[in-house]
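J.: For the record, the sequence lines run as chains A and S. Last residue of the first sequence: 428 in the numbering used here, with the numbers rising by one and none dropped. Last residue of the second sequence: 463 in the numbering used here, with the numbers rising by one and none dropped.
None of these hints come from the bench; they were simulated from the model. Treat the hints with care, as some may be off.
Far from chain S, by Cβ distances over 12 Å, these chain A residues were calculated [unchecked claim]:
#1 F91
#2 H108
#3 N134
#4 V365
#5 R380
Okay, the calculated bits of chain S under chain A, using three or more residues with CB under 8 Å as the criterion [claimed, not checked]:
#6 8 to 19
#7 123 to 129
All C-beta atoms in this analysis are idealised placements derived from N, C-alpha and C, irrespective of residue type, glycine included.
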Amino acid sequence: MNLIREIWQSIVRRDPLSTDKGKSELVFLNVWLHIHPAKVKKENLKFNHSFYLGFITFFLFLILLTTGIALMCYYRPYPPQAYQDMKDLQFVVFMGPFLRNMHRWAAHGMVVCVFLHMCRVFYTGSYKKPRQFNWVIGVVLLLLTLGLSFTGYLLPWDQLAYWAITVGTNIGSYAPFIGGQVREILLGGHTVGEAALLRFYVLHVAVLPAAIILFTIVHFWRVRKDGGLSRPVWKLKPEKTEALVTIGAPAETAPLNIAAASKDKTYGLMEVVTGKPIFETVTAEEEADTVFSYPYAFVREAVVLMATVTTIMTMSIFMNAPLEELANPAKTPNPAKAPWYFLGLQELVSHSALLGGVVAPTLMVLALIAIPYLDRNPSRRPADRKLILWLFTFFVVANLVLIVVGTFFRGPGWALVPPWVHVISGAE
Amino acid sequence: MERRLQQLFFVLSLVALALILAAAWQANSPSWKTYQKQFLQLEAQGEPNAVAKAAVLATPPQIHQTLLPGLQRVDRCTTCHLGADDPTMKDAPEPFRYHAGLGPHIASRFGCTICHGGQGLATDKEDAHGNVEFWQTPLLSKEYIRASCGRCHKEGDVPDVPELAEGRHLFETQGCRGCHKLNGVGGSIGPDLTEEGANHRSPDWLERHFLAPNAVSAGSAMPNFHFTREQARDLTYYMLSLTSEEMGTFFSSMRSIPGPAYGRQLFVEKNCVSCHAVGGVGAKTGPDLEGVTKRHSMEWLDEQLVNPELVYPGSAMPEYDLETNARKALVAFMAVATSDDLKSILSGKPRAQSPEEIAIEAGKQDFSRFGCVGCHGTELQGGVANPNAQGGEVPSLLHVSDDYTKDEVIAIIRNGRVPPIDNPAGPPPPLYMPSWKHLLSDEDINRIADYLWSKQQLKKDSW
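Here chain S stands alone, though its shape is the one from the complex (with noise of 0.2 Å):
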C-alpha cells in the first residue's frame, strides 16, 4: 500500500510536469509565427546572397502592435498583416500584401480596426477577423468599408462617401429619431441606435431591414418606409457608422471640415437670416453679425450657439442644438460673410418672416427634428400602418382641429397617448404616441402645435 502510494505520487508528479509542457508547448506554438515564418521567406526571396538570406531567416519572431491611446484600442494586426506598410509587397499574397491608398490615414496613427472593424488585440485569424461569440463589431466586408469613415468623420461631407452624408439626411428627415434613440435624444419605441455601429449586426441584415423590415426581424414595429436599394445603402453606412467611442482630437475631423462653405449652409439651413443681418443687409430682431468675430471671443461665440440664454440672459435666439463642428463651421462663416453673402441669400428669401412664421418655422423644425415625422408623415398625412389600431395606421393630423382643440393637442404631445384598440383581443397596436414632456420645452411643444394649426386645412362650410 505504501509504496503503491509512493509510486502514484511519482506517476502524479511526472504527469503535472507533462501538462505544465503541454501548456508552455500550446502557449509556444500560435498560429501567428507560422505566419512569420512564411514572410521571413518571402522577405529572404528578394535577397541577394545567402549571408542577406541567413539574417532575414534569424529574425525572431515577434508580436507587433499599433498602440493607439487616442482611439482606445491597440491593433496587432500587423502580427501577421507583416506587409501592409511595405510597398515592395505590392504583388505579395494575402495576409502580407501592401495596404496602398491610406492618403492621410497613415496605419502608425490610426492602426487597422477603426475602418476595418475586427478584434485588433488578438492574435490568431478567427478571433482577430472578430467573426467569433462575444465580440461586436467583425471584419467589415470591402462593399461597406468606407462606411467606417463615419465613426470620425461624424459631421460635413465626406470625400468619397456621399453615402454617409445621404444616410444621415435620411435620418434626420424621415423622423427616426421619432422612435429610436441616438446620442440621448430621440424615442424609445425602437431601439437605440447610439452604438449601432457596434452592435454585431450585418451590413446584410440592416439592407434588408431597411428595405423590409418585417421581412427580416417577425413582428417589427417599424413602418416600411418603403426606400429605394440606395436609400436603404445610404442608411446603412450610417448605421454602421454610429459609435459612442470617443476618439480623440487627432483623430476627430473637428480640425479639417468646419469651413465657411459648410457654415454658410448651415446659415441658410437654420433660417439665421430671419432674425440677424451681416453688414445692415437681413433682419433686425437679432444683432447684427458684422464683424461679430471681432467683438468676441471663438469660445464665447460657441458658447452663445450651445446655450443662447446662458451667455445673454433673455436672448431671444433658440436653441438650435448643433454639433461642434457644426458651430465651428457658422463661426468661421460669420467671419468671413459679408453683405453681399446675405443678399445672395436673401434672393432665394424673398421676404423677411413675421415672428408668427418664425414660431411655425421652428415647429415645423421640431417637428422633424425630433422625428414626429416617422409616423405622422412629412406632410402630417399620416398612414403608416399600425395594425390593431383603430383604423390600422397612424391618423392623418390635418384635420386634428376638427376634434381636439389647441391644448388638447398640447396636453397628447406631453402626456402620450395609446392608439384606440380595434379588436381587443388582438395585441396592442406596435406603435403609440410618446410621452415628449421630457424631451421638448414647453416652448417647442407650443410651437410644433402652431406649425400643426397652420396647417389645418379648412372646415368644409357645410359644418
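Chain A with its partners taken away, still in its complex shape (with noise of 0.2 Å):
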C-alpha cells in the first residue's frame, strides 16, 4: 500500500486535493493545467459571458487531430487512390464512416465556433486594451482554420472537391498581380491535378496544423498573461475601467500602490527582467469572487468537452459526410460551388469578380485585424458602442446572407432557383 501510495506522489507530488495548497499545486505543477490559473474569477465561469465558444472551438481541434491522425493510415494522396481509399472507409475499414463522418463535421463545426466565438469577443468589446493584439492572432486563427477545412475539402478527390477547389482557387486568382501565381503555386500548375492534391494534402496534415499549434499556443498564453477572460460586461466597474492593470503589461500611468488599501491584497510579480517588480492589486471583494480553478473551471471545461464530443458523435452516427463520383476534369457541375464558406464571396464574384474576389476580402480581413486599432473607444459598455455594434451587425448579417444565397439559392448557371424549386440539371 505504502509503496502504491509512494509511486502515486511521485507522479503528482502536490498535497491532498482537500487542501488550498493542493488545489493550487494541482495547477501549477502541471504542465498541461498551469496555463489555468489557480484561482479564476467566478463571474467569468459563467456560461452565457463566453458560452465556452474558444474551449469548443479548441475540442473540435482536438477530436479533428486524433480522427485526422487516424485516417490518414488509411489515405494515398494521389489519384484515384485516393477517391478508392474514400471509399475504403466507407466499405471495409471497421468504423470508418464513423471516423470520416466525425472528421467531417468536427471540421464544419470548427469553422462555424471560430466564428461564433470571434463574434463574441467582439460584442463583448473583449479586443479592447490590453487584448488588442490577442485578436490579430485570433484573426490569423480564423483565416489558419479556413486553410485547413479548405485544404481538406480536396482530399477525398471526388467531384464535389474537385470543383470546389477549382472554383475556390479561382476567386483567389482574381487577385491582381500576384493572384495568378499564388494559385499557381498553391496547385503546382494551371488547374487542380496530382501536384495540386499532393501539396493540399502537405498544406493539411504538416503545414497548418502545425501553425495553427503555434499560434494557438501564443494565443492561449496570451489569455493568461492578459489576465484571463475579460470581465464579463454586467461587472464591470465605471470607475474603473481605465486603470484596470494587468500582470505582465503594466501601463505607464498605472500607480505602484503597494502600501495603500488596507483590505486590499497585493501579489507581486518577482525576477521580472527589468528589476521592477510587477504587482497586481486585488480588492477584497474581487478576492471573495475567486475560486479555484479545481473543481470549479475544470468540470466545467470537462463538461463542454463531452458535450462537444457527443454532439459531433450523435452527428456521424446520422449523418454520413458526402462523397460524389470520382473527380472528372472534363465534365464541370452546373453549378460548380465552393465551399459554402467561401459561397458568400463566389455569390460577390458572380455579380463582380472584383469585387468579390478582391476588394471584399480583403477589406474584410483588414478591417478584421484593424479593429482594435481603429476603435480608440475605451468603454466596453454596449450602450457606449452603438454604432460599432451595429456596423459588425450589418457585416456579420451581410456574410450570412450571401452565403445563404449562395448555397441555398443558386441553381444551374447561377440563377436564382428557391431550394424547394427542383431543378433537373445534366441531361442535354
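Put the two chains together into one complex; each comes in its own frame, and the hints tell you how they fit.
T.: See below:
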C-alpha cells in the first residue's frame, strides 16, 4: 500500500486536493493545467459570458487532430487512389464511415465556432486594451482554420471536392498581380491535378496544423497573461475601467500603490527582467469573487468537452459525409460551388470578380485585423458602442445572407432558384 | 450547481461511451455477414457429419476481394456471391449461384464489374449494384451485358457479339463523329461520347434515344436517323462499351484478335492496293510489299503506319489513323501476303486508280470518317432537319458549285458557318457547320473539296 502511495506521490507531487495548497499545486505543478491560474474569477465562468466558444473550438480541433491522424493511416494522396481510399473507408475499414464523419462534421463545426467565438469577443468588447494583439492572433487563427478546412476539402478527390477547389482557387486568382501566381504555386500547375492534391495534403496534415498549434499556444498564453478572460460586461465597474492593471503589462500610468488600501491584497511577480517587480492589486471584494480552478473551472471545461464530443458523435452516427463520383476534370457540374464558407465570396464574384475576389476579402481581413486599433473607444459597455455594434452586426448578417443565398438559392448557371424548386440538370 | 455539473459530466461521458458502442455495433453488423452465414449453412448441409458441419459453420466472416490492378479495380462482389466459382453451387439460390460459361475469362483474373458493371468496392447490396447516386455504372441487365465485351475487344469481330461490330460500323459510317467526339476526334455539337459507357445512362434510354432522339431528350439537335430497332440496339451496345479506362495489356484483346484475315480486310478497305504491289502484282506508286516484314522490324512498320512522314520523310503515304490492333493485323497480313492474294483482291477492283481518283477516294473517306455524312448524307443529299434554318434542313451539297467557288467552300470548311436564319425572332438553328481547321489538315480539306466537285451534278444547259 505504501509503495502504491509512494508511486502516486512521485507522479502527482502535490498535497491532497482537500487542501487549498493541493488545489493550487494541482494547477501549477502540472504542465498541461498550468495555463490556468490557480484561482479564477467566478463571474468569468458563467456560461452566458463566453458560451465556452473558444473551448469548443479547441476541443473540436482536438477531435480533428485525433481523427485526422487515424484517417492518415488509410489515405494515399494521389489520384485516383485517394478516391478509392474514401470508398474503402466507407465499405471495409472498421468504423471507417464514423471516423470520416467525425472529421468532417468537426471540421465544419470548427469553422462555425471560430466565427461565433470571434463574434462573442467582439460583442463583449474583449479585444480592447490590453488584448488588441490577441484579437489579431485570433484573426490569424480564423484564416488558418479556413485554410485547413479548404485544403481538407480537396482530399476525397470526388467531384464535389474537385470543383469546389477549382472554383475556390479561381476566386483567389482574381487578386491583381499576385493572384495568378499564388494559385499556380498552391496548385503546382494551372489546374487542379495530382500536384495540387499532394500540395493540399502537405498543407493539410503538416504545414497548417503546425501553424495553428503554434498560434494557438500564443493565443492561450496571451489570454492568461492578459489576466484571463475579460470581465463580463455586467461586472464592469465604471470608475475602474481605465485603470485595470494587469500582470505582465503594466500601464505607464498605473500607480504602484503598494502600501495603500488596508483590506486589499497585493500580489507581486518577482524576478522580472526589467528589475522592477510587477504588482496586481486585488480588492477584498474581488478576492471573495474568486474560486479555485479545481474543480470550478475544470468541471465546466470537462462538461463542455464531453458535450462537444457527444454532439459530433451523434451527428456522425446519423449523417454521412458526402462523397460524389470520382473527380472528372472533363465534366463540370452546374453550378460548381466553392465550399460553403466561401459561397458568400462566390456570390459576390458572380456580380463582380473584382469586388468578390479582391476588394471584399482583402477589406474584410484588413478591417478585422485593424478593429482593435481603429476602435479608440475605451468603454466595453454596449450602450457606449452602439455605432460599431451595428456596423459589426451588419458585417455578420451580410456575410450570412450571402452564404445562404449562394448555398441554397443558386441553381444551374448561377441562376436564382429557390431551394424548394427542383431543377433537373445534367440531361442535355 | 457544482454537483449538478459533475453529474452532467458523468452522464455525458456515459453517452459518449454509448455512442462509441453504437457506432462499433453499426460497423460490426454489415449485411454481407448475414449472407456469409446463410452461405455457410448452405455449405454445411452438404457435409457428411456433425464435426465437418461445425467446422464449416465456424469459418470466420471475412471480406473476399479480387485485386485487379490491370483493370484499375478491386471487386468485392464475391464477399456475398460466394459460390460464383464453385461448380457445386450451380443450383444454389442467388446470391450464391455458380457462374457458368466464363470461358477464358476466369473470375480471379477479370473480376466481375468489368462485364457486369456495378460498384466493386462496395460491400452492401444497394451500393454494390450501383443504382445509387454518384455511381456512374450500375449493374447492366442481362440483355445488355454482352456490350461489355467491347470494353476490351475494341476492334474486330467479337465472337457471339455481332451487335458490337455492327454498332461500331454504324458509328463510323453514319457520320456520328460530325457532332460527337470519341477519343478526342469529332465535332462538339453533341456531347463527347468517349466515356458514354460510364455515364449512368440506362440502356433503355439509349435505345429509345436512337429511335427518336427528341422523344427522350426534348430539343435535342440530333437528327432522327430512322434507325431500325436492330440498329438502335447495335448502337446502344457500342455506346455501353465506350470507356476511356486503361485496360492492362493482359486484358486488351490485342494479342488474340489481330490476324492476317482482318489485315486483308483492312488492306482492301483502305485501298492499299491503289499504291502498293505484292510480288509485282498491283500499283507501282509505293514500294512492293513482298518480304517487307523481313526487311523492317515490327516496330518500324508500326511506326510507318502511324506516321509515314516521320519514318520516311517525303513519303507520299497518307496517315490512315489506324488503331493498334488494325496496324498489327495489317502487318500480319503483309507477312503472309502473296501475289495471288493481290490478284484476288484486284479482281474485285478492275483497274488501278489515277492520282486524282485516289485523292477523290481519300476525300470521300475523310468525308465519312470525320462525320460530314451525319448531316450532309452519305450521298451528299442533305435533308437532315434543322429547325429555323433557311429551308428547315441541312442543304444538299450536290449543287454547291452553283453558288460557291472551290476556294469559298474550302474557306467554309475551314472556318465553319452558321446557317442563315429563317425567323430572326426564333431560336438559333441547333445544327451549324463547325470550324474544321483544327481537326483537318489543309490537305484533307482540299481532298474533301475535290470529292465534292467530283459529285457535282452538271448545270442545266439553259444556264
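J.: Work down the list of hints and note, for each, if the structure agrees.
T.: Structure-based check of all given hints:
1. F91: 4 Å, violated
2. H108: 19 Å, holds
3. N134: Label holds. Min Cβ-Cβ 28 Å, cutoff 12 Å.
4. V365: V365/A is indeed farther than 12 Å from all Cβ atoms of chain S, at 35 Å.
5. R380: 27 Å, holds
6. 8 to 19: holds (count 7)
7. 123 to 129: holds (count 3)
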